[in-house]
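A.B. asks: Chain by chain, the residues:
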Amino acid sequence: MSDIGYVRAADQGSALALVAEDPDAVFLAGGTTELDLALKDQVVHPSRFVDIGRLPLRGVTRDGDRLRVAALTTMEELAADPTVRDRLPFVREALLLGASTQLRNMATIGGNLLQRTRCRYFRDPEVGACNKREPGSGCAAIKGVARMHAILGAGPTCIALHASDLCVPLVAMDAEVELLDADGTRTVPLTQFYRTPGDRPDVENVLRHGELVTHVQVPLLPAGARSGYLKVRDRTSYEFATTSAGAAITVEDGTITWARLGLGGVGTVPWRAWEAESVLVGAPANERTFRAAAEAAIRDPFTVPGTAFKVELAKRTIVRILRTVTS
Amino acid sequence: MSSATTARSTQVTVELRVNGRTYPVRLDSTTTLLDALRDDLHLTGTKKGCDQGACGACTVLRDGKRIVSCLTLAAQCDGSEITTIEGISEDGHPHPLQEAFVRHDALQCGYCTTGQVMSAVALLREGRAGSDDEIREFMSGNLCRCAAYPNIVAAIREVAES
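First to last, the protein sequences are chains A and Z. For what it's worth, the UniProt record's numbering labels the leading residue of the first sequence as 1, then goes sequentially. For what it's worth, the UniProt record's numbering labels the leading residue of the second sequence as 1, then goes sequentially.
None of these hints come from the bench; they were simulated from the model. Check the hints yourself; a few may be wrong.
What the hints assert, rightly or not - Keeping only pairs whose Cα atoms sit at most 16 angstroms apart, straight-line, the calculated EDC-like set for lysine to aspartate or glutamate is:
1. Lys40/A <-> Asp3/A
2. Lys65/Z <-> Asp133/Z
3. Lys40/A <-> Asp35/Z
4. Lys65/Z <-> Glu81/Z
5. Lys40/A <-> Asp124/A
6. Lys48/Z <-> Asp35/Z
7. Lys40/A <-> Asp51/Z
8. Lys65/Z <-> Glu76/A
9. Lys40/A <-> Glu126/A
Claimed, not checked - Which bits of chain A does chain Z cover? Going by a derived footprint, with three or more residues having C-beta under 8 angstroms, they are:
10. 3 to 15
11. 45 to 58
12. 91 to 101
All residues carry an ideal CB built from backbone N, CA and C; glycine is no exception.
Excised from the complex, chain Z in its bound form (with noise of 0.2 angstroms):
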C-alpha cells in the first residue's frame, strides 16, 4: 500500500484506482475525490452539485458501496476500488439503467442524472427496489430539481423487474 502522506505535509501521494485503471497522483491533502476525478483524472461525468453532501450528483461507489464523493478525501480512497459512471457500460454498451433512463426521459436538464444512475446501480445490488415506494425512500438522497422522479423511479423500476 502507497503511504498517504507524512505527518506534516500537505501533499499526498495517493494511488487511485478508478474504473478498472490506477492513477498514481500527488494531490493537496484536502482534495476531495470529486475534484480529484473530475480536475486531476478529468472523469468530469460525476458532477457537483450543493458539494456538501446534500444532493448526491456526486454519487460514485467506493468498493462496491455508493458515497458522496464530495464528503470523501482521495486520500482516504488509497487503493480502494472506486467506480464512476464513466465504469459502469460493458462492451461499449450503455448500462441498462442508462438505457432505461433514456426510455422513461427519466431527466430535463440531465445534471443530476450521472448521481441518480450510479445510486441506483448500487439499489439494485442492496435489494431495494421492490415497490415504487422502495425506490423512492432508498433514492432519496439524489434531489432532481427538475422533478423528474416519476420517470426516475419508472426506469428503475423497469430494471429491477427485468
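Just chain A, same shape as in the assembly (with noise of 0.2 angstroms):
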C-alpha cells in the first residue's frame, strides 16, 4: 500500500493549482516515468500525482514551416503525423527507434523531454551515494559499472544519461519549449531547457515547481535538407542506446550548406553539437570532413573504465550518419 494521493485534473487551471499549492505533488501524464520511479523503484517521494491525462493538449498543428505539438500528444501519434513524415523525418525514425509500441501509446511528448536517467545507481534506493537524489552524498556510478553512462556533459558529481532519442533530432533542430504557470506563458530553446549536472545533479533543467510543458515546438527541415537517426545499441530493438545522432545536412555541388548534428547515449543532456556543425558547413561532403566533425563533436569527454568505448563508437557513429545522409 502507498500512501500517494491520486487526483485527476478536471481542467488546465486546476491542475496548475493542485501542483502549485503542494511542493511534493507532481503531474501525471503518461506514467512510463513517473510511476516507475515513485512506485516500483521508490527513489522519489510525490505527495499525490495530478493525472493531466485527460485535458485538452493532444495533437500537431502545422503553423508555417513550424510545428506545433501539444504536450500529452504520443510518441506513435507523433510518429504517425504526415507533416513529421515528410518533413521531420530523423524525428519520425526517434520515434520509432524509442521504447515499445506498447510504451509509444502510453508516453507522452512532454514527458519524453522530463524523462529520469535510466542510472541503475540512481534507481536503487538501496544505493546511499547519488548525488542526483542526495546532493553531496556521491557518485556510485562513477566507481561502479558504468556503461549507459555520459561523457560529455559529465564530471565527478555526476554521469548520469540523458536517455531520450527524441531529444537528440528535436535539440538538432532548435525545438523550443512552452511553459505555462499561474504567472502565464514562457517559451524556452530546447537548448536552453537542460543544465548539466555541475555541483546541483539533482537539478535538471530550468522548470519550476508546478510549471507545465503544454507544447513543443519544431521547425521544419528546410527544403532540400535531408536528415537521419542512427541509434547504436547492444541488442537489436527496444533498448536504450549506447550512442546514437541525428543529422540534418543539406547539401549543394558537394559542398555542405546547412548542417545540424544532435548526439544521444553520451550526454548528461540532449547534445547539441555545434562544434560539428562549425566544421561542416563550407566544407565538402567527404570523410575527411565527417571524421573532422566528430574530433570537434567529442572533445575532451569525461571517462571512467566503463563508457571510455564510447569515445570512438560515438566518433563512428557521427561519421556514420552523416555518410548516410549526404549519400
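From the two separate chains plus the hints, produce the assembled complex.
C.D. replies: Encoded structure:
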C-alpha cells in the first residue's frame, strides 16, 4: 500500500493549482517514468499524482514552417503525423527506435523531454551515494559498473545519461518548449532547457515547481535538406542507445551549406554538437570532413573505464550518419 | 463520468470497463491496472512479469491500443475500454491468433503468451505484420525467455496472411 494520493485534474487551471499548492505534488501524464520511479523503484516520493492525462493538450498543428506539438500527444501519435513523416523524418525515426509500441502508446512528448535517467544507481534506493537523489552524497556510478552513462556534460559529481532518442533531433532542430504556470507562459529553447549536473545534479532543467510543459515547437527541415537518425545499441530493438546521432544536412554541388547534429547516449543532457556543425558548413561532403566533425563533437570527454569505449564509438556513429544523409 | 477521487484521499472509486463489462471498484489510489485486473476483478489471464514495463507480459488494450498495465494506474483508466486476453474470443471460439499460437507451438512455459497474443492482436490492427522483420521489430516489447520467437513470428505471419 502506498500513501500517494491521486486526483484527476478537470481543467488546466486546476491542474496548475493542484501542483502549485503542494511542493511534493507532481503532474502525471503517461506515467511510464513517474510510476516506475515512485511505485516500483521508490526513489521519488510524491505526495500525490495530479493526472493531466485527459486535458485537451493533444495533437499536432502546423504553423508555417513550424510544427506545434501539444504535450500530451503520444510518441506513436507524433510518429504517425504526416508532416513529421515528410518534413522531419529523423524525428519519426528517433521516435520509432525508442521504447516499445506499448510504451509509445502511453508515453507523451512532454514526458519524453522530462524522462529521468536510466542510471541504475539513481534508480536503486539501496544505493546511498547519488548526488542526483541526495546532493553531496557522492556518485556510486563513477566507481561502479558504468556503461549506459554520459561522457559529455559529465563530471565527478554525476555521469547520469539523458536517454531520450526524440530529444536528439529536437535539439538539432532548435525546438522550443512552451511552459505554463499561474504567472503565464514562457518559451525556452530546448538547448537551454536542460542543465548539466555541475554541483547540482538534482536540478536537471529550468522547470519551476508547478510549471507545466504545454507544447513543443519544432521548425521543419528546410527544403532540400536530408536527415537521419542512427541508434547504436546492445540489442537489435527495444533498448536504450549506447550512442546515437541525428543529422540534418543540405549539400549543394558537393559542399555542405547547412548542417545540424544532435547526439544521444553520450550526454548528461540531449547534446547539440555545435562545434561539429561549424566544421561541416562550407566543407566538402566527404569522409575527411565527417571525421573532423566527429573529432570536434567529442572533445574533452569525461570518461570512466566503463564508458571510455564511447569516445570512438560516438565518433564512428557520427561519421556513419553523415555518410548516410549525404550519400 | 465517475469522479476518480478527492484530493487528499488515497482511495479512489473507479469504473473499470473490461471486455464489455462494467466493474465499479474502490481501490488504493496507486493500484495499477494490472493488479486491479488480477486481484480485484480476478481476471488472471493478464500476467505480471517484470512489473516495470520491460517485458510486455501484462499487455492489454486500452481504447483499442496496446499498453502495459503494470505502469498504468487503474484510476487513469476510469471509463476507458479495456480488453484483456479473456475478451478476445468470439462466440466461444479462440481468437485466430490463439489457434495459430497453438498450431505453431509458439510457447514453452506459456507465461508471456497472453501478453504476446494481446500485442499481436494490436500489431495486426496497426498494419505492422508485413514481413518477418516488421513483426520482430514491432513485437520487440514482448520478451519470451524460453525464446519461442521463431514460432511466435510464424504464428503471427500466418494470421496476417490469412
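A.B. asks: If a hint holds in the structure, say so; if it does not, say that too.
C.D. replies: A quick look at each hint next to the structure:
For the hint pairing Lys40/A with Asp3/A, the CA-to-CA distance comes to about 14 angstroms; that is within 16 angstroms, so the pair holds. A hinted pair counts as satisfied when its Cα atoms are at most 16 angstroms apart, and Lys65/Z with Asp133/Z does not qualify at roughly 21 angstroms. Taking the CA atoms of Lys40/A and Asp35/Z, the gap is near 13 angstroms; set against the 16 angstroms cutoff, the hint holds. Distance restraint check for Lys65/Z and Glu81/Z: the Cα-Cα separation of roughly 10 angstroms lies within the 16 angstroms cut-off, and the hinted pair is therefore satisfied.
Annotation: proposed proximity of Lys40/A to Asp124/A holds, straight-line Cα distance about 10 angstroms (limit 16 angstroms). A threshold of 16 angstroms between alpha carbons decides the hint, and for Lys48/Z with Asp35/Z the separation of about 9 angstroms falls inside it, so the pair holds. For the given pair, Lys40/A sits about 8 angstroms from Asp51/Z by alpha-carbon distance, which is consistent with the 16 angstroms threshold. At roughly 10 angstroms between alpha-carbon atoms, Lys65/Z and Glu76/A fall within 16 angstroms of each other, so this suggested pair holds.
Between the alpha carbons of Lys40/A and Glu126/A the distance comes to roughly 13 angstroms, so the proposed pair stays at or under 16 angstroms and holds. For the segment 3 to 15 of chain A, the stated coverage by chain Z holds: 6 residues have a C-beta nearer than 8 angstroms to a C-beta of that chain, and at least 3 were required. Note: the segment 45 to 58 of chain A has 4 residues with beta-carbon separation from chain Z under 8 angstroms; the three-residue rule is met and the coverage holds. Residue count for the segment 91 to 101 of chain A with a Cβ under 8 angstroms from a Cβ of chain Z: 3. That meets the three needed, and the coverage hint holds.
Hint compliance for this structure: hint 2 is the single one not met.
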